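Undergrad: In case you want the letters, here they are:
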Amino acid sequence: MIAGTPFTLGSPETCLGVGLLAVLLADMVLARTHQQLTAWLAVLTAAVAMAIAWHTPVAGLPFGTPARTAAIAIIGLVLLANTRVGEQDHGAWSTNVLAIGLGASLTASAADFVTLWLGLELMSLPGYVLAGWRARDRRAAEAGMKYVLFGGVASALTLFGISHLYGLTGQLDFGLAAPAGPLSPTLVAALCLSTIGLGYKLTVVPFHFYAPDVYQGAPAIAVAAVSIAPKIAAMAAVVRLLTNLPFAGADLALAGLAIVSLGIACFTALVQHDARRILAFSGIGHAGALLLAAACLPGQALGATLHYLLAYGAANLGAFVCLWLLEPKNGSGALADLAGAWTRRPGITALLSLFLLSLAGLPPLAGFLAKWNVLAMALQRDAGVADRPWVTWGAVALLLSTPIAAWAYLQILRAAVLALPPPETTRESRRPDAGAMAVLAICAAATLGLGLWFDAASTLDAMAR
Amino acid sequence: MIAAALFLACCGLAIAGALGAALVRNLFHAALLLGLSLCGVAGLYLFLHAYYLACVQIVVYVGGILVLILFATLFSADVMGRLQRTPRWLLALGTVGAAVAGSTAWQLGSQVLAARPAPAAVRETPPGHDVGAIGDLLLGDWLLPFLAAGFLLTVALVGAVATVRRHQRTREVAHG
Amino acid sequence: MNGLGYSVDALAQWLGGPEAGWLAIAIAVLLVQVAPLLLAVFPLAAVGQIFERKIAAAIQRRHGPNSAGLEGPLLLTFRLAFCFLPRARQDRLFAGFCRLPMIRSLLPLARRLGLGQLAADGVKMLGKQDIVPRSADGVVFRLAPYVALCGAFLPFCVLPFAHHVVMLESDVSVLWAIAVSGLTVMALKMAGWGSGNKWSLLGGMRAVAQMVSYEIPIGLCVAAVVLWCGTMDLHGIVAQQYRPGVLTLTGWNLLQSPFFAVLAGVFFFAGLAECQRTPFDMAEAESELVSGFNTEYSGLRWGMFAMAEYAEMVLIGALFATLFLGGYQSPIGEQWIVGLHPLPATLLHVLILGSKVLLSYLTMMWIRWTLPRYRVDQVMRLCWLTLVPLALVALLGVALTMLAIGGVADGAAYGRLAARAQLAPGLLGWLFAWAIPVAGGWLLIRAARARHGQRHPALLQLTQTPRPGGHG
Chain A
1 MIAGTPFTLG SPETCLGVGL LAVLLADMVL ARTHQQLTAW LAVLTAAVAM
51 AIAWHTPVAG LPFGTPARTA AIAIIGLVLL ANTRVGEQDH GAWSTNVLAI
101 GLGASLTASA ADFVTLWLGL ELMSLPGYVL AGWRARDRRA AEAGMKYVLF
151 GGVASALTLF GISHLYGLTG QLDFGLAAPA GPLSPTLVAA LCLSTIGLGY
201 KLTVVPFHFY APDVYQGAPA IAVAAVSIAP KIAAMAAVVR LLTNLPFAGA
251 DLALAGLAIV SLGIACFTAL VQHDARRILA FSGIGHAGAL LLAAACLPGQ
301 ALGATLHYLL AYGAANLGAF VCLWLLEPKN GSGALADLAG AWTRRPGITA
351 LLSLFLLSLA GLPPLAGFLA KWNVLAMALQ RDAGVADRPW VTWGAVALLL
401 STPIAAWAYL QILRAAVLAL PPPETTRESR RPDAGAMAVL AICAAATLGL
451 GLWFDAASTL DAMAR
Chain B
466 MIAAALFLAC CGLAIAGALG AALVRNLFHA ALLLGLSLCG VAGLYLFLHA
516 YYLACVQIVV YVGGILVLIL FATLFSADVM GRLQRTPRWL LALGTVGAAV
566 AGSTAWQLGS QVLAARPAPA AVRETPPGHD VGAIGDLLLG DWLLPFLAAG
616 FLLTVALVGA VATVRRHQRT REVAHG
Chain C
642 MNGLGYSVDA LAQWLGGPEA GWLAIAIAVL LVQVAPLLLA VFPLAAVGQI
692 FERKIAAAIQ RRHGPNSAGL EGPLLLTFRL AFCFLPRARQ DRLFAGFCRL
742 PMIRSLLPLA RRLGLGQLAA DGVKMLGKQD IVPRSADGVV FRLAPYVALC
792 GAFLPFCVLP FAHHVVMLES DVSVLWAIAV SGLTVMALKM AGWGSGNKWS
842 LLGGMRAVAQ MVSYEIPIGL CVAAVVLWCG TMDLHGIVAQ QYRPGVLTLT
892 GWNLLQSPFF AVLAGVFFFA GLAECQRTPF DMAEAESELV SGFNTEYSGL
942 RWGMFAMAEY AEMVLIGALF ATLFLGGYQS PIGEQWIVGL HPLPATLLHV
992 LILGSKVLLS YLTMMWIRWT LPRYRVDQVM RLCWLTLVPL ALVALLGVAL
1042 TMLAIGGVAD GAAYGRLAAR AQLAPGLLGW LFAWAIPVAG GWLLIRAARA
1092 RHGQRHPALL QLTQTPRPGG HG
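Protein chains in written order, with our numbering: chain A, 1 to 465; chain B, 466 to 641; chain C, 642 to 1113.
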């Protein structure tokens, strides 16, 4: 019997969906003077959904519960950071960001391929809109176009794979789609095709081409929504797939992708002249590290993966919010535009350096502990753990890529802290409001806290198992 | 006899239309051929006694999506222009792709023919009474994807409107 | 099954039973039964045209065609019929025929009515040179009229003309009718693009934009009726509207609730737009677009488009009657018609459906010769800001009505036809279904008036459309 992912009224998806419609209606009905309410309604929706997600376990996937909560939390923080109505079409903004949250929630809780695909699409479509958010901007148009085209192809291939899977097995459930015996090559091909969408959302290497352009073209605050929450949700789906459909070459494939992602990302990041492009390649590298963590899944890897996701999410969100506040309005993220940030806004620049150092993996910040955990997992030589040469090589790649990537992060810091502002720049940047400051504070606290919480991996592992 | 001929005609229509859509360089013709292919697939649904699906295929794909595609081709540059010649490298690549696709299709087909498990829910319904069964599935086991699809379309609509409106607004600003 | 239904069954048997597939049956039916229909519709369209010209003349207080009599066509018929006789004998025979008392009095009447125009127009259409412009895309240009005819005639396959007289019985016949009538959109687009002419292209684009938009209110109206009747089978929809007793018309959907009245209005107007009739004929606006997508067509190809248009008018009328006016059923005393022998009953049913179609046909012409043409933006505004919201509200209203008067009480399986008893709410339920929405609407209007005065902002927005270019 085919059976989809069960629907329950008390799920975060319901909350997000109802909230989304409410925001849409409020945007339509409320007068211009009361638009602020719409923004706060969206934040409230995300907060309530987060609370529900925390208390509602995802059926069949303990890892999904914290992942789903984290993804919704990221969405809520993005909404909280940008509550100032007036400079944007706020109703559409809130709706799109909430839709990303809805998609992430669906993806993390999906137990069948149709729901998974719908979740991925729900994360993609608002992403296309947000990538082209700055109307009449050539770079935004390019970003939107590339995102749509790559996303469309990835989504079509995913559907193609899903249709093959259905044709071969007559099942759409993750668990039921696995036949008892060894997998036939056609089934493997279908599986690979149907996971392309996940790879696309994770921005691992063969599917990463859109990321730098989108990160550069979209408003920085939108990038925070488009990049982090989908990654967390997609990781939850990867974990679900790996636990439900274990097949022999999985660790090889994952570690291979991880090595390629790490290698390409760290070298390409060195030659960029745009802070957001550097962060895009950092995202690609971190996706590689996450896949490496997933490659050693049986073991304590669940906790390590979760910790890595949280550390990456907090630091990345903080970095993007800082960039959003430091950049000139309608600016790109060019390193030259950041010059003089230290003299203008020393506090935010200091926070930016904190987040970037965490992404680079410096102790005592969260990024260091996360990388340490993954390395420990990959190099584990316990009895009962099979010999995985590819995973070892992946760990070597992670070790080697870290200092190279750190140099790229230092480029941003040098531009923001050391470079003097050219005398003629009087371009206005955004004034941080209470919401944005609260978000920065939360991210900074998380970055420090996750870095100092030494037994995080084992504690989180107990939660996600 | 007649039925077999019609069935083969539908198959031919679907394949030939798809091939034409992929190979023809004139955008408008390619879109029309795509319509032919979609109609052929609708015909195959009829042969499988999936009348509802066939009608929906025509309503959604031929009446909706294809019309949209045709609309877009009318807005594209050089649609009335001379046909271009296909470059050699594209032909070569296309041949390789076709070979790979063909072999996959062959393997898939042989596997499917060898062991074809039909989903239980579909098999239960008598031919021609699939509407109720589809309704049961959509509002029963598959309620979550059904609702999610609704949200997906809503969000797509909101996104489209937001994009267009932003462009219009900036144009108004630009022109005073 | 009576009437034509037998022949469909026989055909299916002859083709090899149910294994032959529905499509085989469909195509065989098309060949065997639609061909006569097509042949019947050629003259019908011509009659429709002459009919329209006379009505237009009446509305505009002029005579219309009044000098072409039937003498010429009759003489031609005589010459063809008695071609074996010498010419002088033919003439004498014809003169004798014309002197017959009844003919003598009828011929001047035919002349005054301009019936000869019919034949003249037909001959003109057939005799015109068939031109394919050099810049046209030959294949697409030639193919378009046939696609238009397909789109106009295929929906008739599922239309119940009388009790069990339907070419194809199907569970999803409403959907089929909507689906295949969508082919017309393709045809117009092909014609517009294939002509290689910018007027045609513009006309085609306007036509497609209009038709695609107006399919949405039509779909919503059909969805409401399907929801109410619990079936997508047109025959089932007609059967749902049957009430025993003298007043069959109490079962008509139109009278079930005020929401259906709204839906019927929306359906009629959207249908008008689907047929590209005035006031929705901006796609062929002859004064600005040189008649749009059929600028380059002449002769029989143009005639096919015209015929498709008339057939579509008939189709919209027939669907309107089927969905809202009880289909082929008589408003009074349907019970006795069903009790008759199948043959007269079928004839009566066809006549009743025909008169219902005629009613909407006349209304369409009345509208055409009374109202001016809508502008492009007005057409879109009417669809998206008036008809779609109205249809949505009415759909919701129908659903709520069903909930209130117990229409879905037995819906153990979601709308499964077999498990569903006939929805007959009784007098009390009927009163309830009318009273609540009417009272609610009245209160709503009063409240809006109290708050905004006579002119509600939404109404103002609808009536005062901003002009493109911003001079408004």
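Read the hints as simulated data drawn from the structure, not as lab findings. Since we're looking at a predicted model, the values are computed, not measured. For glycine and all other residues, C-beta sits at the position ideal for the given N, C-alpha and C. Some clues are possibly wrong.
Unchecked claim - Label-pair distances were calculated between CB atoms; the ranges are:
{"no.": "1", "chain 1": "B", "residue 1": "THR619", "chain 2": "A", "residue 2": "ALA350", "range": "54 to 60 angstroms"}
{"no.": "2", "chain 1": "C", "residue 1": "TRP1025", "chain 2": "B", "residue 2": "PHE540", "range": "19 to 25 angstroms"}
{"no.": "3", "chain 1": "C", "residue 1": "LEU888", "chain 2": "A", "residue 2": "VAL29", "range": "31 to 37 angstroms"}
{"no.": "4", "chain 1": "B", "residue 1": "GLY567", "chain 2": "A", "residue 2": "PRO364", "range": "55 to 61 angstroms"}
{"no.": "5", "chain 1": "B", "residue 1": "ALA474", "chain 2": "C", "residue 2": "LEU888", "range": "46 to 52 angstroms"}
{"no.": "6", "chain 1": "C", "residue 1": "LEU1084", "chain 2": "A", "residue 2": "GLU142", "range": "19 to 25 angstroms"}
Undergrad: Using the C-beta atoms of GLY567/B and PRO364/A, is the stated range 55 to 61 angstroms upheld?
TA: Holds - the Cβ-Cβ distance for GLY567/B and PRO364/A, about 58 angstroms, lies within 55 to 61 angstroms.
Undergrad: Do the Cβ positions of ALA474/B and LEU888/C conform to the proposed distance bound of 46 to 52 angstroms?
TA: Cβ of ALA474/B to Cβ of LEU888/C: about 50 angstroms, so the range 46 to 52 angstroms holds.
Undergrad: Would you say the C-beta atoms of THR619/B and ALA350/A sit inside 54 to 60 angstroms of each other?
TA: 42 angstroms, violated
Undergrad: Do the Cβ positions of LEU888/C and VAL29/A conform to the proposed distance bound of 31 to 37 angstroms?
TA: Violated: the Cβ-Cβ distance is about 44 angstroms, outside 31 to 37 angstroms.
Undergrad: Given the hint of 19 to 25 angstroms, is the C-beta distance from TRP1025/C to PHE540/B inside that range or not?
TA: Since the Cβ atoms of TRP1025/C and PHE540/B sit about 20 angstroms apart, the hinted range of 19 to 25 angstroms holds.
Undergrad: Mind checking the hinted window 19 to 25 angstroms against the Cβ distance between LEU1084/C and GLU142/A?
TA: The hinted range 19 to 25 angstroms is violated for LEU1084/C and GLU142/A, with Cβ atoms some 54 angstroms apart.
Hints 1, 3 and 6 from the earlier list are contradicted by this structure; the remaining hints agree with it.
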